[in-house]
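Trainee: Those protein sequence lines, which keep their order, are chains A and B.
Final position of the first sequence in the working numbering is 362; the numbers increase by one with none missing.
Final position of the second sequence in the working numbering is 103; the numbers increase by one with none missing.
Since the hints were made in silico from the structure, they are not lab data.
Every residue, glycine too, gets a C-beta built ideally from N, C-alpha and C.
Be a bit skeptical, because a hint or two may be false.
Said to hold, decoys possible - Derived Cβ-Cβ restraints for the label pairs, each shown as a range:
id	chain 1	residue 1	chain 2	residue 2	range
1	B	Q95	A	R305	17 to 27 Å
2	A	N307	B	L43	18 to 28 Å
3	A	Q265	B	N11	45 to 55 Å
4	A	G264	B	R53	47 to 57 Å
As the list claims (entries may be wrong) - Here chain A is said to cover these stretches of chain B; the calculated rule only asks that three of the stretch's residues, wherever they fall, bring their Cβ under 8 Å from a Cβ of chain A:
id	region
5	38 to 44
6	81 to 94
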Amino acid sequence: ETGVTQSPTHLIKTRGQQVTLRCSSQSGHNTVSWYQQALGQGPQFIFQYYREEENGRGNFPPRFSGLQFPNYSSELNVNALELDDSALYLCASSLDVSSYNEQFFGPGTRLTVL
Amino acid sequence: ELKVEQNPLFLSMQEGKNYTIYCNYSTTSDRLYWYRQDPGKSLESLFVLLSNGAVKQEGRLMASLDTKARLSTLHITAAVHDLSATYFCAGEMGAQKLVFGQGTRLTINP
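If we strip away everything but chain B, and leave its shape as in the complex, we get (with noise of 0.2 Å):
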């Protein structure tokens, strides 16, 4: 049974620093999912990775992916206060079935 952690459940940082978010997971899972959230609001879609080694940036988010680890980051980069939401990944236990991690709260203070 696939199961899915991320680390830290909360986090609060200041502006223009960096810091990462851990997504830790137990079986093989085809693909790495990472998503915002924003409160009362949907998921939205942020990275797939794909395969081993694979990495993706938009702006200040960077995903990357390390299969043998079973291993997923997201590392923020100079954050900014827009950057405040909760961020979930998900491994896929079955095509286009997934197991969400407990999310990280992520607020960004000036």
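So that you can see chain A by itself, here it is in the shape it has in the complex (with noise of 0.2 Å):
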């Protein structure tokens, strides 16, 4: 048990629908990650943001966007959904980025897309 939370737990769209998944971190935690996990392969970094700014992207497109709250809760947004999104979605969430701070795992999000 991390103290990070998502929803939804499973989700199915189909292609070029648009989706929104949300991520609560620990309370004071002020850095949150995303990432994609395709089926059978390691996660892969999307973007993070801190203090509800974007701080640096990976190798996505602009069709994946974030938004990062006060309350320490998170948004990953995906538009134009295609086959190639389906994918265990991950948040990471960690007090602050600008020293070592161990980042928590959240359970995920399972998006299936059609």
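Mind docking these for me? Both chains are given alone in their own frames, and the hints should help you get the complex.
Mentor: The structure is reproduced here in structure tokens:
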């Protein structure tokens, strides 16, 4: 139990639709990172938010976007869904990005795109 | 660009045996992480290795880091069935921005 929650647990969408995934970090954690894990692969870094600003982005197109809110929750939005977007989406939170702090991963959201 | 490679990708072993998973990374990484993942579950943090020569042990698992060789190892001693899982190593390309290896799927047979 890491104290990081994600919703929903599972989600099925069709190609072309839009989806919003949510993450609730531990209180006081002002850094959140999102990862995409395709089946049988390691997680890939999508982007990181620090104090509600984007603080780095991986090799993902602009249709992947995010928000971080003052209440330590965050969202990952994906527009124009493609079949290859089917994956487990993980968020990870930590106290601060400026020095080493352990990241805590949430349980993930399993997205299936048909 | 940081790249992380693990080998082997699949490992089937008998209970009681010892084995090592290798993790090579391509450029400097401030820290090296090891995670465990059970099927359909999230990532469980096992070790964070902070400096050259670092060695950490927890139960039957021991991790080490050689920054000069850009190599980390995860050694399993006297394996038991409960250790069956997928193990990932990850380097850090920026503060807490992790680059993961492909994972090693470990199956331990009675």
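Trainee: Each hint needs a verdict: does it hold in this structure or not?
Mentor: Hint check results:
| no. | hint | result |
| --- | --- | --- |
| 1 | B:Q95 to A:R305: 17 to 27 Å | holds (22 Å) |
| 2 | A:N307 to B:L43: 18 to 28 Å | holds (27 Å) |
| 3 | A:Q265 to B:N11: 45 to 55 Å | holds (49 Å) |
| 4 | A:G264 to B:R53: 47 to 57 Å | holds (48 Å) |
| 5 | 38 to 44 | holds (count 3) |
| 6 | 81 to 94 | holds (count 11) |
Violated hints are absent here; each numbered hint is respected by the structure.
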